[in-house]
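Trainee: As a plain string of letters, each chain reads:
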Amino acid sequence: MKILLVEDDVKTQKFISKGLKELGHRVVTADNGQDGLFLALEEEFDAMILDRMLPKLEGIHILKTIKNSKKELPVLMLSALGEVAHRVEGLNLGADDYLVKPFSFTELVARLEAIARRGAMAADETMLILGDLQLNLLSRQVKRAGKDIELQSREFQLLEYLMRHKNQVVTRTMLLENVWDYHFDPQTNVIDVHISRLRGKIDKGFNSELIHTVRGAGYIMKLDGT
Amino acid sequence: MVALLFVLIYHKTISYLEKETDTIIEIEINALSDQYQKNGIYDLVESLKLKLDKSQATSSIYLLTDSRFNSLLGNISQWPKSYDKNKQWVEFNIIGPDSVKQRIKAKLFLLQGGYYLLVGRNIETLKRTKQLILDAIIWGLLLTLLLGLLGGYFVSRGILQRITIITNSCREIIQGNLEKRIPQNHRHDEFDALAETMNTMLDRINVLMTGLKQVTDDIAHDLRTPLSRLRQSLEIGAKEDDPDKAHQIMQSCVEEVDGLLSTFNALLKIASIESSKQAEGKTKVNLQNLINDVYELYQPIAEEKYLHFHCLHMDEPIYIQTNRNLLFQALSNVIDNAIKYTPEHGEVKIKTSMYQDTIQLDILDTGVGIPASDLVHVHKRFYRSDQSRNKPGSGLGLSLVYAICRHLNIEISLENKSVGLKVTFLIKRISSTNDIHS
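Those protein sequences? They're chains X and R, same order as listed. Under our numbering, the first residue of the first sequence is numbered -2, with each subsequent residue one higher. Under our numbering, the first residue of the second sequence is numbered 7, with each subsequent residue one higher.
For the record, the hints were derived by calculation from the structure and aren't laboratory data. Keep in mind that the hints are not guaranteed to be accurate.
[What the hints assert, rightly or not] No more than 27 Å apart at the CA atoms, straight line, and that leaves these computed lysine-lysine pairs for DSS-like:
#1 Lys283(R) - Lys61(X)
#2 Lys98(X) - Lys219(R)
#3 Lys201(X) - Lys311(R)
#4 Lys140(X) - Lys(-1)(X)
#5 Lys107(R) - Lys60(R)
#6 Lys98(X) - Lys283(R)
[Stated by the list, open to error] Reference listing, derived: stretches of chain R covered by chain X, where coverage requires no fewer than 3 residues with Cβ under 8 Å from a Cβ of chain X:
#7 257 to 264
#8 301 to 311
#9 332 to 341
Note that CB positions come from ideal geometry on N, CA and C, so glycine has one too.
Chain X extracted, bound-state conformation (with noise of 0.2 Å):
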């Protein structure tokens, strides 16, 4: 992916732009809204990593900027912990994900790639499929290898959510946000028991695993062995 990095922290720039480029991803750098903001009307990229604290122009600007012309760029927002509101306002600005530091950088990755694809899947998709699991998205039947599995409504989001985002690593904040709908952090790893009943229908008695567990990161749906 070609990913546009708009921060002016040097560190975090630095820790961030490393990181992807050594998942094999071209990062192009701009430590100024100005810059940012041109950078980003002005080339294509496959999604925006956007800092809202910004010199010359701040983030929130730029976003409203990039949203209202045509370009259709994935936008993820960063800011450091501040007022309670500030991550509903830059969610309904249109960025596509915020994230508030101090994040782990599995947490960006996993989150980065599910903004950029999303704009690749089909929004009209029926049908949900990987290796012999299909996930009918109008019967909302659930068949793996031929034979039906009965879920109930919750544990189906989260697998449509899953299946959604095969072959990327989804943390828990996200399945919280996502499935469930909720900003918060647990105590302790309540996903992992929902998870683990999901798996109970679906992996169990067949002979390979699709969701995998990512260790201090989160989940991933895919075929064994890819």
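Using the hints provided, position chain R relative to the given structure of chain X.
Mentor: Chain R alone, transformed into the frame defined by chain X:
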């Protein structure tokens, strides 16, 4: 302002007095000329003589002359020199009986037959009254000014003294005597109120500072353990030759750091909630849906411990104005604790009830409860009772709940039951009239 008022009074009084004199003269001269016209010169002379007898008492002046201004009858010797044919009124001085100059105001009248008649009044008294009033006004003004200045001086000196006391006290505080307070003189005036407000402010700052110091100490103390653990692991990892084992150590280090980070995040979150404005991020929320969501999220964990985990709901939906993410965080922390501290096969219950516009939300468990001596401390950052010290957690969960409740205007209380703990939230409902409008 006062001067203007005085001038107005002066002007009114004087013009009234002058007008009165003029009117008397005019009435008299008209009466005399009428008499002359009706009864002739002899009658006029007779009445003039009568008037002249009384003139000493009334301080009136009369003079009748022929056409060449030769005096015929009167109490002044000659026609005034300042006489002007075109003017009816004339003012002049005469020398009075005790050779004092006296001011006269008079009206002239030409009678048919060539006689001239002059009727006047001694206005010396009026003149003196005028002077008297003017003097009184000037003295009055001077005295008022003097009193004002003196009063102003004493009042402002008092105020300045009080300000100096406050300034000096503040300087002393700035120089490091943080216990110093501004003295009050118990007169219950505005300065006392100011001193009291400032003292309250200083007390509050002091409490906050002590709290901050406590938190700083606690952070240092609580983070030292995991940090030294991390250091140890890294040291071992650096010496490890087996790449598999080294990788494993690395992983555990990452987990340790994640734990540290989440502690910091919780601290930052508490700080950010405490410093942000109350109205932020509030929306209309269906409390029952929110409770159901928490319940559904924690249900599998409760099931793993074979807990009887259930919700007792009201029949109608309840709407409140709140920040849904923060409220969810608060409820999930409390339920998380309830599940954590309740032994297997126990019970955790969420119960909502309503009293007028207040919703009471109880979370009851059959766990170990909190020792009475610890109940007052649980909201403090990093506070952990002895029995929870060995359980996982940062000691920040309830601090966060308390911060959120303060922020959202929710009352929270903890109470030990015969078995387990009862956490009660009192939440204000949107009143039914608001309900229709929103």
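Trainee: Evaluate each hint against the coordinates.
Mentor: Now for the hints, and whether the structure bears them out:
Distance check on the hinted pair: Lys283(R) and Lys61(X) sit about 24 Å apart at the alpha-carbon level, within 27 Å; holds. A hinted pair counts as satisfied when its Cα atoms are at most 27 Å apart, and Lys98(X) with Lys219(R) qualifies at roughly 24 Å. Pair hint Lys201(X) plus Lys311(R) holds up; C-alpha atoms about 22 Å apart against a cutoff of 27 Å. For the given pair, Lys140(X) sits about 36 Å from Lys(-1)(X) by alpha-carbon distance, which is inconsistent with the 27 Å threshold.
Between Lys107(R) and Lys60(R), the direct Cα distance comes to roughly 21 Å. Compliance with the 27 Å bound is thereby established for this hinted pair. At most 27 Å may separate the alpha-carbon atoms for a hinted pair to count; Lys98(X) and Lys283(R) meet this at roughly 21 Å. Only residues whose C-beta sits within less than 8 Å of a C-beta in chain X count toward coverage, and the segment 257 to 264 of chain R has 4 of them, enough to reach three; the restraint holds. Under a criterion of three residues with beta carbons nearer than 8 Å to beta carbons of chain X, the stated coverage of the segment 301 to 311 of chain R is upheld, 6 such residues being counted.
For a cut-off of 8 Å, the count of residues in the segment 332 to 341 of chain R with a CB near a CB of chain X stands at 5, and the three-residue condition holds.
The structure shown violates just one earlier hint, number 4.
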